[in-house]
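S.K.: So you can see what is in the structure, the chains are spelled out below.
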Amino acid sequence: MGAVIIRPRSRGVRSFFTDTLLLTRRNLLLTARTPELVVFAAIMPIMFVLLFRYVFGGSINVPGYSNYVDYLMPGIMVQTALFGGSSSAVGVADDLSKGVTDRFRSLPTNRASILAARTLADLVRLGYTMGLLIAIGLLVGFRFHNALLPVLAGVGIALLFGYACSWLFTLVGLMVRNVESATLAGFLLTFPLVFAASTFTSTKFMPHGLRAFANAQPVTQVANALRDLTHGTGSAGPAALHAIVWSVGILIAAATLATWKFRKI
Amino acid sequence: MIKAEGVEKAFGSTRALAGVDLTVDSGTVLALLGRNGAGKTTFVRILATLLAPDAGRIQVAGVDVVHDAKTVRSLIGLAGQFAAVDETLSGRENLVLVGRLYGLPRREARARASEVLERLGLGDAGDRLVRTYSGGMRRRLDLGASLVGRPLVLIMDEPSTGLDPRSRIELWSLIDDFIKAGTTLLLTTQYLEEADRLADRVAVIERGRLIAAGTPDDLKQRIGGDVLEVRATSASDVERLVNLLTGLGAGLPVADMRAQCVTLPTSERVQTLLAAARRIEESGIPVADLGVRRPSLDDVFLTLTGAGGAATKRPEPRLRPVPGEPSLEPAPNARRVGS
Numbered sequence: 003m004g005a006v007i008i009r010p011r012s013r014g015v016r017s018f019f020t021d022t023l024l025l026t027r028r029n030l031l032l033t034a035r036t037p038e039l040v041v042f043a044a045i046m047p048i049m050f051v052l053l054f055r056y057v058f059g060g061s062i063n064v065p066g067y068s069n070y071v072d073y074l075m076p077g078i079m080v081q082t083a084l085f086g087g088s089s090s091a092v093g094v095a096d097d098l099s100k101g102v103t104d105r106f107r108s109l110p111t112n113r114a115s116i117l118a119a120r121t122l123a124d125l126v127r128l129g130y131t132m133g134l135l136i137a138i139g140l141l142v143g144f145r146f147h148n149a150l151l152p153v154l155a156g157v158g159i160a161l162l163f164g165y166a167c168s169w170l171f172t173l174v175g176l177m178v179r180n181v182e183s184a185t186l187a188g189f190l191l192t193f194p195l196v197f198a199a200s201t202f203t204s205t206k207f208m209p210h211g212l213r214a215f216a217n218a219q220p221v222t223q224v225a226n227a228l229r230d231l232t233h234g235t236g237s238a239g240p241a242a243l244h245a246i247v248w249s250v251g252i253l254i255a256a257a258t259l260a261t262w263k264f265r266k267i
Numbered sequence: 068m069i070k071a072e073g074v075e076k077a078f079g080s081t082r083a084l085a086g087v088d089l090t091v092d093s094g095t096v097l098a099l100l101g102r103n104g105a106g107k108t109t110f111v112r113i114l115a116t117l118l119a120p121d122a123g124r125i126q127v128a129g130v131d132v133v134h135d136a137k138t139v140r141s142l143i144g145l146a147g148q149f150a151a152v153d154e155t156l157s158g159r160e161n162l163v164l165v166g167r168l169y170g171l172p173r174r175e176a177r178a179r180a181s182e183v184l185e186r187l188g189l190g191d192a193g194d195r196l197v198r199t200y201s202g203g204m205r206r207r208l209d210l211g212a213s214l215v216g217r218p219l220v221l222i223m224d225e226p227s228t229g230l231d232p233r234s235r236i237e238l239w240s241l242i243d244d245f246i247k248a249g250t251t252l253l254l255t256t257q258y259l260e261e262a263d264r265l266a267d268r269v270a271v272i273e274r275g276r277l278i279a280a281g282t283p284d285d286l287k288q289r290i291g292g293d294v295l296e297v298r299a300t301s302a303s304d305v306e307r308l309v310n311l312l313t314g315l316g317a318g319l320p321v322a323d324m325r326a327q328c329v330t331l332p333t334s335e336r337v338q339t340l341l342a343a344a345r346r347i348e349e350s351g352i353p354v355a356d357l358g359v360r361r362p363s364l365d366d367v368f369l370t371l372t373g374a375g376g377a378a379t380k381r382p383e384p385r386l387r388p389v390p391g392e393p394s395l396e397p398a399p400n401a402r403r404v405g406s
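If you read the sequences in order, they're chains A and B. The numbering of the first sequence is our numbering, which starts it at 3 and goes up by one. The numbering of the second sequence is our numbering, which starts it at 68 and goes up by one.
Misleading hints may appear alongside valid ones.
Stated by the list, open to error - Residues from chain B that keep clear of chain A, each with C-beta distances beyond 12 Å, as calculated:
(1) A77
(2) T155
(3) E237
(4) D285
(5) D304
(6) T313
(7) V337
(8) E349
(9) L357
As the list claims (entries may be wrong) - Each computed DSS-like pair below joins lysine-lysine, with the alpha-carbon atoms no more than 25 Å apart:
(10) B:K137 to A:K263
(11) B:K70 to B:K247
(12) A:K263 to A:K100
(13) A:K266 to A:K100
(14) B:K247 to A:K266
(15) B:K137 to A:K266
(16) B:K137 to B:K70
(17) A:K100 to B:K137
Think of the hints as simulated: they come from the structure by calculation, not from any bench. This one's a predicted model, so the numbers in the text were calculated from it and none came from an experiment. All residues carry an ideal CB built from backbone N, CA and C; glycine is no exception.
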């Protein structure tokens, strides 16, 4: 056997950041070069805005809001965060089923980077969709009624919630491992959360059991916090705290489980 | 360069590997030959640090794949069963990314990517999106990705699966080049022809155990001489031919349902051929072809895995798989009666 040359590879924190950036860039490039993904990501929330603003909006009255669009937009922002997060399941399952994940894992890559890059890229995508969504909202009459700082805090909470959901759906993607199931799981998990919530209308008039569920679950909590922060109604403190606790809780639990699951793949 | 000892792995109640010992010397090529589900991919995944073994150990250049997985990853290049390349990146972008993940600085990763693209004959296609590549080009690019880091050991899991015959031959000549350059290579295959063509040594795996190992010639000698081959005109006659030929030659006849062939090992080629011809003529079973040829690894494989005589019980009559084409023609070195 000849002399063995073992190439040094920068370890630990540095390789984590370098590799995460490289892989995030790769994930974003893949999205950017798939125009249907970019367009679809934007069209979904826009359709919901138009649907609820113009089709249903006239018949929905929410106490405390003279203009329904001001109630609606924070709801759709949370919905978008959740849907954005669910795309992580598809991305993870796609890479797994194509053997790309195995390739990355067989390289001297920092393995933690692979999932970190997935969720980071999806967060960037979510930022793009969210920006577009707010622009559309402003076009159809939505207005922020609060100071800049609370508004930014609200958008920040929505993104944090979306990032937590990315990890949750990364875990789902690691469990189902194929794109079709990942897409289906995304729909099945997100729909009850989005519709049995204060997303589009107040939970006040829902039947008792449904109302209890709706009030307890994170989408309502985050939507309410966002409303308080963008509309300037009441003190936003408690609602924002709830929303942050939920998001950070989901983030920590999902990231831990996903990392554990990834190690055993 | 690769040393495996007592490697075991179970998935639930399925024992994928039941104690595999294997050595690959530096600069040589080992083909791990086996059917689907024999344990080839499990072995490769453990070797490539993708999966932890339940027992036993594997070392690459003296480095343990479990305890020092990270070092092992910098020594190996893996080309998996899929062309694991990104469709919407160009060939070059794919290779640069892999180079960077190996830890190469940007400039070096670029230079290395160009070098590999040239070597694989993808120089002109390097800047096109992989989406526009043919299956053979993708496979070459995938192979390229495993070369970017200048690995000491190349691991290829069924490299030619799904390739058309021409791409397969191109791939083989590329692999020949690596072999000449002194790369240590472990490849898995279910195509016996491929093992014969590429490998210095062949290890036959079946149900998680190595059932034979040696040079292709060693293995061929095990069958003892030549092979008589009869091709039926219809699949329903194959079983009758098996019964008819039992007792002749130096072993049991083996059926290949897909090619409608029955093969029989023999050490007395002329006598066996004449006896077989007589029996066939008396039985009146129509046959399309009858001849004696040198044994191929296929025959070795079938003999070793005990397929002889049991052919009709097999759920999948996929005994002589040649990628992309069923072996309807007898081997080129077949010597036919009357020609």
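S.K.: Sort out whether K137 of chain B lies within 25 Å of K100 of chain A, counting only the CA atoms.
M.R.: 23 Å, holds
S.K.: Next pair to validate is K137 of chain B with K266 of chain A; report whether the Cα-Cα distance is within 25 Å.
M.R.: 16 Å, holds
S.K.: Decide, holds or violated, for the assertion that all CB atoms of chain A are farther than 12 Å from the CB of A77 of chain B.
M.R.: 14 Å, holds
S.K.: Quick one: work out the minimum CB distance from E237 of chain B to chain A and report holds if it exceeds 12 Å, violated otherwise.
M.R.: 21 Å, holds
S.K.: Can the restraint linking K266 of chain A and K100 of chain A be considered satisfied, given a maximum Cα separation of 25 Å?
M.R.: 18 Å, holds
S.K.: Was D285 of chain B rightly flagged as not at the interface, with every chain A Cβ beyond 12 Å?
M.R.: 23 Å, holds
S.K.: So is T155 of chain B really clear of chain A, every C-beta pair being over 12 Å apart?
M.R.: 4 Å, violated
S.K.: CA of K137 of chain B to CA of K70 of chain B, is that 25 Å or under?
M.R.: 17 Å, holds
S.K.: Minimum C-beta separation from D304 of chain B to chain A exceeding 12 Å: can you confirm that?
M.R.: At roughly 42 Å from the nearest Cβ of chain A, D304 of chain B sits farther out than 12 Å, so the non-interface label holds.
S.K.: Beyond 12 Å from every chain A Cβ: check whether that's true for V337 of chain B.
M.R.: V337 of chain B clear of chain A: closest Cβ-Cβ about 48 Å, beyond 12 Å.
S.K.: Keeping to a limit of 25 Å between CA atoms, is the pair of K263 of chain A and K100 of chain A held or broken?
M.R.: 18 Å, holds
S.K.: Going straight from one Cα to the other, do K70 of chain B and K247 of chain B come out at no more than 25 Å?
M.R.: OK: K70 of chain B and K247 of chain B at ~22 Å, within 25 Å.
Going through the hint list in order, the structure does not satisfy hints 2 and 14.
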